[in-house]
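Asks: Each protein sequence line maps, in turn, to chains A and B. Heads up, the first sequence is in our numbering, so the first residue is 31 and it goes up one at a time. Heads up, the second sequence is in our numbering, so the first residue is 31 and it goes up one at a time.
One should not assume that every hint holds.
Pairs involving identical chains hold if they fit within one copy or between any two copies, as the list cannot separate such chains.
EDC-like, lysine to aspartate or glutamate: derived pairs with alpha carbons at most 16 Å apart [claimed, not checked]: (1) LYS266 <-> GLU83; (2) LYS231 <-> GLU274; (3) LYS138 <-> GLU71; (4) LYS271 <-> GLU245; (5) LYS266 <-> ASP128; (6) LYS157 <-> GLU202; (7) LYS32 <-> GLU175; (8) LYS206 <-> GLU275; (9) LYS200 <-> ASP115; (10) LYS284 <-> GLU173; (11) LYS51 <-> ASP238; (12) LYS180 <-> GLU67; (13) LYS187 <-> GLU88; (14) LYS76 <-> GLU245; (15) LYS306 <-> ASP238; (16) LYS300 <-> GLU256.
The set of hints was computed from the structure by calculation and includes no laboratory data.
There are 2 protein chains.
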Amino acid sequence: MKNIYIIGIGLIGGSLALDIKKLNPEVVIYGIDNNPEHLEEALSQKLIDHKAELRNIEKADLVILSIPVDAAVKLLPTILDQVSDTGLVIDVGSTKSDICKVVANHPKRRNFLATHPISGTEFSGPKAAIYNLFQNKTNIICEVEETAFKLQEKALKLFTDIGMRIRYMKPESHDKHIAYMSHLSHISSFMLGKTVIDQEKNERDIFDMAGSGFESTVRLAKSSPEMWTPIFEQNKTNVIKTLEEYINNLTQFKSLMERDDFEAIYMEMKNTNYIKQILNGIA
Amino acid sequence: MKNIYIIGIGLIGGSLALDIKKLNPEVVIYGIDNNPEHLEEALSQKLIDHKAELRNIEKADLVILSIPVDAAVKLLPTILDQVSDTGLVIDVGSTKSDICKVVANHPKRRNFLATHPISGTEFSGPKAAIYNLFQNKTNIICEVEETAFKLQEKALKLFTDIGMRIRYMKPESHDKHIAYMSHLSHISSFMLGKTVIDQEKNERDIFDMAGSGFESTVRLAKSSPEMWTPIFEQNKTNVIKTLEEYINNLTQFKSLMERDDFEAIYMEMKNTNYIKQILNGIA
Numbered sequence: 031m032k033n034i035y036i037i038g039i040g041l042i043g044g045s046l047a048l049d050i051k052k053l054n055p056e057v058v059i060y061g062i063d064n065n066p067e068h069l070e071e072a073l074s075q076k077l078i079d080h081k082a083e084l085r086n087i088e089k090a091d092l093v094i095l096s097i098p099v100d101a102a103v104k105l106l107p108t109i110l111d112q113v114s115d116t117g118l119v120i121d122v123g124s125t126k127s128d129i130c131k132v133v134a135n136h137p138k139r140r141n142f143l144a145t146h147p148i149s150g151t152e153f154s155g156p157k158a159a160i161y162n163l164f165q166n167k168t169n170i171i172c173e174v175e176e177t178a179f180k181l182q183e184k185a186l187k188l189f190t191d192i193g194m195r196i197r198y199m200k201p202e203s204h205d206k207h208i209a210y211m212s213h214l215s216h217i218s219s220f221m222l223g224k225t226v227i228d229q230e231k232n233e234r235d236i237f238d239m240a241g242s243g244f245e246s247t248v249r250l251a252k253s254s255p256e257m258w259t260p261i262f263e264q265n266k267t268n269v270i271k272t273l274e275e276y277i278n279n280l281t282q283f284k285s286l287m288e289r290d291d292f293e294a295i296y297m298e299m300k301n302t303n304y305i306k307q308i309l310n311g312i313a
Numbered sequence: 031m032k033n034i035y036i037i038g039i040g041l042i043g044g045s046l047a048l049d050i051k052k053l054n055p056e057v058v059i060y061g062i063d064n065n066p067e068h069l070e071e072a073l074s075q076k077l078i079d080h081k082a083e084l085r086n087i088e089k090a091d092l093v094i095l096s097i098p099v100d101a102a103v104k105l106l107p108t109i110l111d112q113v114s115d116t117g118l119v120i121d122v123g124s125t126k127s128d129i130c131k132v133v134a135n136h137p138k139r140r141n142f143l144a145t146h147p148i149s150g151t152e153f154s155g156p157k158a159a160i161y162n163l164f165q166n167k168t169n170i171i172c173e174v175e176e177t178a179f180k181l182q183e184k185a186l187k188l189f190t191d192i193g194m195r196i197r198y199m200k201p202e203s204h205d206k207h208i209a210y211m212s213h214l215s216h217i218s219s220f221m222l223g224k225t226v227i228d229q230e231k232n233e234r235d236i237f238d239m240a241g242s243g244f245e246s247t248v249r250l251a252k253s254s255p256e257m258w259t260p261i262f263e264q265n266k267t268n269v270i271k272t273l274e275e276y277i278n279n280l281t282q283f284k285s286l287m288e289r290d291d292f293e294a295i296y297m298e299m300k301n302t303n304y305i306k307q308i309l310n311g312i313a
């Protein structure tokens, strides 16, 4: 791999650039971004070696597509049209069904690998890029058998080099489960933030009462709406189902409180403490 | 201060013991706990110097009451009965109305100070005790004017010595606002954990998909049901109100998704990003 093109130099694209360059100082990293300020920042922070444009990607050994998922679905076919026969294109979006569908019958489908590195922070843009973001994190790869064997190998080497463990899933299965494990968390956090702001915005002193517990549960409410709106749109059916279940559980908890059934409230929490064992498995 | 009695040697009581002993090696710390194993652990971890019993507290210069809030409300009048005229009793519970009410007319009301150090982790018991837990955290003090001036002074010195900033509030105001800033976060986290466990408990592999975002929003679901059940019970009216508002916001978010109004979804998130400015104020 010599020429790497990263389309979208934000948190994920920029952090991949940092790790790749550290491991392979000889590669040349080209940045493409429709935000000129981000592109300048990426240059001055040395995330990328050069600015580039889409028409240059025929020279690419690797194209990383790290833009919001609606833009990714629109752009991927054009990218595949232009990439060379030996070029590998990977996307890193948080939804996988639509992106796999849009290129299912593309003549260069075998040049594409659908991935979702489960890693990030609540920050965005090139300034948010950091080293070792992917260390010990999981990368979900979808429809691996649709990608050319040599290009699979190239991608796997890259991901294991930056410290990721790999899991293989079908796109539909990915989207269903990630709704529970990630998308619902974001909505619960955004709506918690909204509830508190609605009530407390005129009482600034009150925020002195916020402890680390509040900070932790509301952290994801700092996330980028530009990135998350199209994720919720693409994964609408699954997300609505998780939201219904979540609202039902909250409503049931409220009813138990209204009925003064604090024994049941205790048991609800005791049973949910089981999450400890589950989280112990997370790095 | 020479003799300090800590009733309930868990996360908060134990961490207070560590900081107090570090700052004042000459004090003697006595531990009282109805869990004999916790008491032995507290001794072997050197959180306390000696085990003690309730009838010993007449010797106390300071009594710290750090037990679940239902037990605290029951026990506080008896403690005040027994404490000497110069002894200070403080509680550290997460609700403040009931505890203030129960001693409102107690002849030794002036020996008591109601506090809520907003500090903690999702862990509990003496093993969870750590140094510097209270550094740069807020301590809410209620009805300060009901406490004897010299004992106020003693308590303030202790809290500022361990690094806390002090805020004064009425108990009713504390309980109303803490429902938003802490109690609701715990329920949102517990119910998020429940929703995911209900769906995914038979698919252990799925938890490989959990990232730091899920971990952050579900962290409080590890909290102790023994501690949290009586908090929700004592603060029932306020907590139910916050839950109603939270459920309404989630339901509205779901309706917007069902109507494909992703412009409104975007604006909901954009407006809630305001939480960034708020959280910047939190240490």
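Asks: It remains to establish, for every hint, whether it holds in the given structure.
Replies: Consistency of the hints with the structure:
1. LYS266 <-> GLU83: So LYS266 and GLU83 fail the 16 Å test inside a copy (32 Å) and across (59 Å) alike.
2. LYS231 <-> GLU274: neither (28 Å within a copy, 18 Å between copies)
3. LYS138 <-> GLU71: Neither, since 33 Å and 64 Å both go past 16 Å.
4. LYS271 <-> GLU245: neither (27 Å within a copy, 21 Å between copies)
5. LYS266 <-> ASP128: within (12 Å within a copy, 45 Å between copies)
6. LYS157 <-> GLU202: The answer is neither: 33 Å in one copy and 43 Å across copies each exceed 16 Å.
7. LYS32 <-> GLU175: neither (25 Å within a copy, 72 Å between copies)
8. LYS206 <-> GLU275: Classified as within; 14 Å inside a copy, 28 Å across copies.
9. LYS200 <-> ASP115: neither (25 Å within a copy, 71 Å between copies)
10. LYS284 <-> GLU173: neither (42 Å within a copy, 30 Å between copies)
11. LYS51 <-> ASP238: neither (42 Å within a copy, 27 Å between copies)
12. LYS180 <-> GLU67: Cα proximity of LYS180 and GLU67: none, with 36 Å in one copy and 60 Å across.
13. LYS187 <-> GLU88: The answer is neither: 22 Å in one copy and 69 Å across copies each exceed 16 Å.
14. LYS76 <-> GLU245: So LYS76 and GLU245 fail the 16 Å test inside a copy (32 Å) and across (31 Å) alike.
15. LYS306 <-> ASP238: between (29 Å within a copy, 14 Å between copies)
16. LYS300 <-> GLU256: between (38 Å within a copy, 9 Å between copies)
The earlier numbered hints that this structure contradicts are 1, 2, 3, 4, 6, 7, 9, 10, 11, 12, 13, 14.
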